[in-house]
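> What follows is each chain in one-letter form.
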Amino acid sequence: MSELLNELLGSDKTEVVAFAQEAQDLKKQYEAKKLSESEYKELLRDLEHSKAITASAGDLETQTKLNGLISGLISVASLV
Amino acid sequence: MKKLFIALSALMILNGCTVISTVPVIRSYFMANFDNNEYMLINTVRTQANLGAAKCGTPEVITVVDNIYFKTIELRNYSQSIPHNEETIKMSSELSEIVKGLSERYHGKDPVSLNYCTTKFGIIEKNAVTIQNVVGAKPR
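So the protein sequences, as listed, match chains A and B.
Using my numbering, you'd call the opening residue of the first sequence number 1 and step up by one each time.
Using my numbering, you'd call the opening residue of the second sequence number 1 and step up by one each time.
Please keep in mind that the hints were generated in silico from the structure rather than gathered at the bench.
Positions of the beta carbon are idealized from the N, C-alpha and C atoms, including for glycine.
Hints may be right or wrong, so weigh each one.
Restraint ranges, calculated between C-beta atoms of paired labels, are given here [said to hold, decoys possible]:
#1 B:I62 to A:G58: 33 to 39 Å
#2 A:V16 to B:I26: 48 to 54 Å
#3 B:D35 to A:K13: 31 to 37 Å
#4 A:E37 to B:K100: 15 to 21 Å
Straight line, CA to CA, 30 Å or less: simulated DSSO-like cross-link-like pairs of lysine-lysine [as the list claims (entries may be wrong)]:
#5 B:K55 to A:K41
#6 A:K27 to B:K55
#7 B:K90 to A:K33
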């Protein structure tokens, strides 16, 4: 598990590194007994929820850009 | 009609000329616009998470937890009734799952650790910022 975590921390994708850093931070807190087992598990599940939020945010950002493009093209077409 | 045809033709060219690949374009054309109430709700969740972390370890934290849970559910319910709003519905549902855990823990029997509390508020705030940025950028 530690090897996989180190591999992810060395990724060239910033979002993967950020995800791995958060997981590593939680692991350290759990090992230092600053989090109970159930708290640790819940916070790890939260990382999954965060990943889903980031993905949907990316989709919405793309949609907004496309919407701007369409509106721009329609405006240009209106001038033709 | 001719103008619309020109605009759609240009979009189809940009999307590779296939009917299927135009679907995201069509979806984006009809996407939900910026909504003041939606934006206000996510801003409230963000602000409460931002200020709530300082209350960890004090009895006042329970009030913040209850408020943030209420506002998160309010955001989820509000966004669900807006047509063509799938991404925001998904994000608000995921956020409500995160906050639900916080609420359940503070209303449960087991003690809540200080690290859990501060980390949880940090996670909620980070995700609320992500949502706020994209909700705030929706077309006017």
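> Are the hints correct? Go through all of them and say.
Each hint, compared with the structure:
1. B:I62 to A:G58: 33 to 39 Å: The hint (33 to 39 Å, Cβ to Cβ) holds, given that I62 of chain B and G58 of chain A are roughly 35 Å apart.
2. A:V16 to B:I26: 48 to 54 Å: 32 Å Cβ-Cβ, so the 48 to 54 Å window is violated.
3. B:D35 to A:K13: 31 to 37 Å: Check passed, 32 Å falls within 31 to 37 Å.
4. A:E37 to B:K100: 15 to 21 Å: With a Cβ separation near 19 Å, E37 of chain A and K100 of chain B satisfy 15 to 21 Å, so the hint holds.
5. B:K55 to A:K41: Judged against 30 Å, a Cα distance of about 23 Å means the pair holds.
6. A:K27 to B:K55: holds (24 Å)
7. B:K90 to A:K33: violated (34 Å)
Consistency note: the structure conflicts with the earlier hints numbered 2, 7.
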